[in-house]
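Protein chains in written order, with this note's numbering: chain A, 3 to 294; chain B, 101 to 405.
Quick caveat, the hints were computed from the structure, so don't treat them as lab data.
Quick reminder that beta carbons are idealized off the backbone N, C-alpha and C, glycines included.
Take the hints with a grain of salt, since some may be wrong.
What the hints assert, rightly or not - Quick look at which bits of chain A chain B covers, simulated, 3 or more residues with Cβ under 8 Å:
id: 1; stretch: 78-87
id: 2; stretch: 145-155
id: 3; stretch: 216-229
Said to hold, decoys possible - Ranges of calculated distance between the beta carbons of each label pair, as one might list FRET restraints:
id: 4; chain 1: A; residue 1: 61; chain 2: B; residue 2: 229; range: 52 to 62 Å
id: 5; chain 1: B; residue 1: 366; chain 2: A; residue 2: 47; range: 27 to 37 Å
id: 6; chain 1: B; residue 1: 172; chain 2: A; residue 2: 56; range: 52 to 62 Å
id: 7; chain 1: A; residue 1: 25; chain 2: B; residue 2: 224; range: 13 to 23 Å
id: 8; chain 1: B; residue 1: 257; chain 2: A; residue 2: 61; range: 23 to 33 Å
id: 9; chain 1: B; residue 1: 162; chain 2: A; residue 2: 25; range: 37 to 47 Å
id: 10; chain 1: B; residue 1: 108; chain 2: A; residue 2: 194; range: 49 to 59 Å
id: 11; chain 1: B; residue 1: 393; chain 2: A; residue 2: 77; range: 53 to 63 Å
To be verified - Chain A residues, not near chain B, derived (Cβ > 10 Å throughout):
id: 12; residue: 38
id: 13; residue: 134
id: 14; residue: 140
id: 15; residue: 176
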Amino acid sequence: MDEAWPPARPGWHLRHIEPAVLVGAALVLAIVVLAVVAPWVSPHDPLAQVLADRLKPPAWLPGGSTTYLLGTDTNGRDLLSRILWGARTSLEIGLLTVVLGSLIGVGAGLLAGYRGGWLDMLVGRLADIQQAIPLLILALAVIAMVGSSILNLVLVLGIGSWPYYERVVRGEVLATRERAYIDAARAAGVGGGRILLRHILPNVAGSIIVLVTLELPQVILFTAGLTFLGLGVPPPTPEWGRLIFDGRDYLQSAWWLTVEPAAVLVLFVLGVNLLGDALRDRIDPVRRQRGR
Amino acid sequence: MASFLVRRLVANAIVIVGVAFIVFVLVFLTSDPVRALLPLDAPPSAVESLRLNLGFDQPIPIQFLGFLGRAIQGNFGTSTRTLEPALGMVLARLPATLSLGVAGLLVSLLISIPLGIAAAARPGSWIDLTARLVAIAGQAVPGFVLGQVLILVFGVTLRILPVSGSGGISYVILPAVVIGLGSAAGLTRILRSSLLDVLAADYIRTARAKGLPPSRVMLGHALRNAAIPFVTFLAFDLAAIVSGVIVVEVIFSYPGMGLLVVQAVTNRDVPVIQAFTFVAAVTIVTVNLGLDLVYGVLDPRIRLG
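Required output: the full structure, derived from the provided sequences and hints.
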């Protein structure tokens, strides 16, 4: 590989962007914006129960009304409002978890890769141990002990996902630290911490962004899965997994309770994946050089 | 090969001791570890005698050694609900869960290997597009949603497959499809891209130039070399498969370890949760060791290096 003269990056002109990426970006943007403005645009209070209006079908089905565009649940709560507020909960948990996990993982990866030696060994072993317990099982066990709350979820999923970031960042640091400009910085008397943060971190930032886009939908699916197992976000807080879970006894009579929140969840994950794939194709240096 | 095996075994033993430590620490997350290990209605005298018995008055490292010693002997205490040995309860469910996991893996391989090969043989064709769609859908649709859709279609509307419980092959089909489709998504993509990388190599051009039929080139030369990233990803995917099995067992009320542990979590049956976490981790470490050996067979450089 010719390190001194990296190939020019392909530009971000609109005509180079695949339609799939535009679809992905539109999906993610729409759902994030709706989540942010949920308090102002949601037609009802997501927790308000109108028992007279239980299990109303969506507006386009017979018996539906424009008061409840997407119908109501078994307690007469407006499903549209719950999905919008649920987006806030799910995205909040996802973002906080990814931030926590990447802070620990990137920090550990930078140190392990740069210092090497016993520190690298120790961090690697800790990551091995952590990864022997699947995150879902670790979360199940920990939440069973400490009880379920949004904070506990973020803590266990965030701390539990650090090896994922550590492995990739360590590998990237190993590849970066031998480069000429790092030697030059060291020869110029720049300290280790400054080299890590100012010279190495920016070079691995692209990979970290890709990791985050891959991990965010995973965390949201995880939280939904945990809620499905009865351990995620405690009721009555709306969260996508909780909404899907609540609908499971009414699949035949009121399918919209399950299908509508599930569709939003799937569209969001799909959108992030489409974006993440495109980013990975741009940033992954091996693929970029092959032009694929 | 022998020293390779010994090195892997030592590394795995360290990992298992580490896992035991995490499992040991779990009870300290509750307000009183001893109370967490006993039924709610246990008399104070029983609490005190267990406290002394398990050495909770000792320093933490001594306590951990005691825990490790008991764990090696298979003693994780008794379930706070049924008062049976916790490890026995978990192991009794292991065969059901393993057969579900293996069935799911089979479905995954049956989808991903042919689809990955077909997609790599004709990149850009309709079959490549199908493979991409399967991969995207498999990654975006969570198992618990797919499971419910399958229950609705095959169990409730068509009524051709049972949707809950166990007892014969027909009970395994739907859960295995849910696990398999989720895992096939990633595997198909990995196989396609590693086959494409291999197909660009010089020895493939040589094989083609000497007149080998395309199927021989693909299956005899390319597939074997593309298998290494595939097996790596499979090892990586193992945790996801195990997690998927737990969720799927709950959806289909399939009486495996996952259903047991979710009930244990609801009841705060700590010894069962500890035993399950340990068994799950040991299973994963063991399967990974098996995959390491597969590597050694696939690539002589790994076992000699």
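Inset, instruction - Please flag the earlier hints that this structure goes against, numbers listed from lowest up. - result: Numbers 1, 4, 9, 10, 13 and 14, in rising order.
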